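Full structure from sequences and hints, please.
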Amino acid sequence: MFKYILKRLGIAVVTIWLIATLTFFLMNMVPGGPFLSEKAVSPAAMAALEAKYGLDKPLLQQYVTYIGDALHGDFGDSLKQRGRTVTSIIATKFPVSARIGGLAVLAAFCIGVPLGCISAMNRGKLGDSIIIVIATCGIAVPSFVICTVLMYTFGVRLGWLPTLGLGSWKHYIMPVTALAFYPTAYITRLMRSSMLDVLGQDYMRTARAKGVSQFASLFKHALRNAILPVVTYLGPLLAYTVTGSFIVEKIFTIPGLGGEFIGSITNRDYTVIMGTTIFLATLMILMNVVVDIVYKLVDPRIKLK
Amino acid sequence: MSERLLKIEHLYQYFPAGGFGKHKKYVQAVDDVSFFINKGETLGLVGESGCGKTTTGRTLLRLYEPTKGRIVYDGKVLFDSGDVPVMDDDGKDILENGQPKFGAKTSVDMRPYRREMQIVFQDPYASLDPRMTVGDIVGEAIDIHKLASSKEERYNKIQSLLQCVGLNSEHANRYPHEFSGGQRQRVGIARALAVDPKFIVCDEPISALDVSIQAQVVNMFEDLQAEMGLTYLFIAHDLSVVKHISNRIGVMYLGKLVELADSYELIFHPVHPYTKSLISAIPIADPKTARANKRIALEGDVPSPLNPPSGCRFRTRCPYATEQCAAEVPKWREVSAGHYAACHHLEKA
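These protein sequence lines are chains A and B, in that order.
In terms of my numbering, the first sequence opens at residue 550 and continues consecutively.
In terms of my numbering, the second sequence opens at residue 330 and continues consecutively.
Keep in mind that the hints were calculated from the coordinates and are not lab data.
In this text the structure is predicted, and so the values were computed from the model without any measurement.
Glycine included, each C-beta is placed from N, C-alpha and C at the ideal position.
Do not rely on the hints blindly, as some may be mistaken.
[Said to hold, decoys possible] Here are the computed distance ranges between Cβ atoms for each label pair:
1) B:475 to A:663: 27 to 37 Å
2) A:742 to B:662: 42 to 52 Å
3) A:764 to B:616: 38 to 48 Å
4) A:764 to B:506: 24 to 34 Å
5) B:352 to A:742: 49 to 59 Å
6) B:506 to A:617: 44 to 54 Å
7) B:555 to A:685: 54 to 64 Å
8) A:683 to B:506: 34 to 44 Å
9) B:502 to A:745: 30 to 40 Å
10) B:476 to A:746: 25 to 35 Å
[Said to hold, decoys possible] Reference excerpt, derived from the structure (chain B facing chain A, CB under 10 Å, subset only):
11) 387
12) 390
13) 406
14) 433
15) 437
16) 450
17) 452
18) 466
19) 474
20) 527
21) 549
[Said to hold, decoys possible] Interface residues of chain B toward chain A, partial, derived using beta-carbon atoms under 7 Å:
22) 456
23) 473
24) 477
See below:
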């Protein structure tokens, strides 16, 4: 087990390096630069800025310098936000996104799993059909539509919930709901199909023959076997959601990492692009390792090599 | 007369299979099957795939809710749909003033009976929960029926059960996937034995195993029966195995019981044309006898249980079929003492 984790971490480092390298060169191939704006900058000022951030040097040299600094934990300063380091940007914005994203994933899990189970157990009946229709809508409707509908209904018409910022717990309800919508629907469908599969298994009949009550057999036998696909989905979902959604953050004016990530790309804020990409990649890889370990705990048949 | 442990009277099991309203279709998996099993005996149940053997076994344990019929275990009615005639101990409908007598509608909670009636499933690969250790699979039944007062007692019980079926005590901490098919089937048997049952439905317990292991498991069933005084319903499609283990044998065809008799009687004096054909198909080790033996080969395939033939269900493949066979369902008759069959042409055949 320990050896396995070590091996995975080794592979992770290589993967992150590859992603960083690829991003670095692709980003520089895109036309434009951080200091090009509508307002014309004098060539002298431009040269001075480029010299300050080392952009005048050959690309390969820039790359070596960047990787060297990154290995020392220095991800550089933002090119557009004066006086802020990339590390400090991530450190202030990530907790905001993580809180909303984490809550959304928690909600999706806590609602999606029971809904999927109920749906599977009432297969073909009215309850199942209703849940399936809602879940299909949840997958099909894009998040900006959900955001707008939520905002219009609860924020504007009913006036129950605040529409911007993150002042109190009330502010969290709408963005978390909007973010949780898709994963809830997805988990419901995932859970339903895997539950249906498990309920038809012979060992469920064995449990019944033993005299296990329906309720107990559901928790002891069915759920443990059916949850595996959800666990698989949960890891990447968590990594993806806690790093923030550009759309939801924009609509509810939340100062999160998602907005920062997209903003840095449009601004050609090279250091922030690199920093956020590496951060997201690291998180994603880490979550996948965690998922594999959880797998092993949930299913004894899986061997980690 | 030996004591009846289990009586099945006019059991029907129809499964819905699509269609709406008037056109709703049913798979007639078990159709008017009646038999009894005496205490301590083994009743073999044979027939082709899809003839309803397994469904009968599962329905009489009420793993499936019967469509119609009556199930009596040890004198207690477990299920009665209230619309089938009550039978006496010899399997004849009880008549009152020339009219069949009906029982009261009953459906008892099966949980206390799960202790007494157990089942060993056919597929040892699928019937064990892959997430549980063998110890827990066996122990779960002990927990449910509160058969152990302490952790130690539970542990000892599991150990002795595993030893009883020829597994080692350290196997308790392993998972099903770490075992071979034969070992898994032993786990399945230990699991069934965990509650000290009196009656076990052995649902093709050996057909998924290698031939070399089949013999071991069959012998184990026999040893356990001798030790614990168990009663078996032994379902299989291999007549030579059933012949070996059973006191009496029932033959099923397309959801119906067609013949039932003592093993010896059934093998050497079959009366139903279907049974005759089945028995002629048992391989014989001695080539001389085999050559002298005439195979009665059946033509065609088994009709669909969705839409079985009218009258006698075997008539489409029966060499003796007449118009009467299409018009009337043959009666279940006692041909000689303890030998029952359902056919219009027993004399001819």
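Hints, verified against the model:
no.	hint	in the structure
1	B:475 to A:663: 27 to 37 Å	30 Å, holds
2	A:742 to B:662: 42 to 52 Å	51 Å, holds
3	A:764 to B:616: 38 to 48 Å	60 Å, violated
4	A:764 to B:506: 24 to 34 Å	27 Å, holds
5	B:352 to A:742: 49 to 59 Å	29 Å, violated
6	B:506 to A:617: 44 to 54 Å	49 Å, holds
7	B:555 to A:685: 54 to 64 Å	59 Å, holds
8	A:683 to B:506: 34 to 44 Å	37 Å, holds
9	B:502 to A:745: 30 to 40 Å	31 Å, holds
10	B:476 to A:746: 25 to 35 Å	32 Å, holds
11	387	8 Å, holds
12	390	7 Å, holds
13	406	19 Å, violated
14	433	25 Å, violated
15	437	13 Å, violated
16	450	6 Å, holds
17	452	6 Å, holds
18	466	8 Å, holds
19	474	6 Å, holds
20	527	15 Å, violated
21	549	19 Å, violated
22	456	4 Å, holds
23	473	5 Å, holds
24	477	14 Å, violated
The structure does not agree with the numbered hints 3, 5, 13, 14, 15, 20, 21 and 24 stated previously, though it agrees with the rest.
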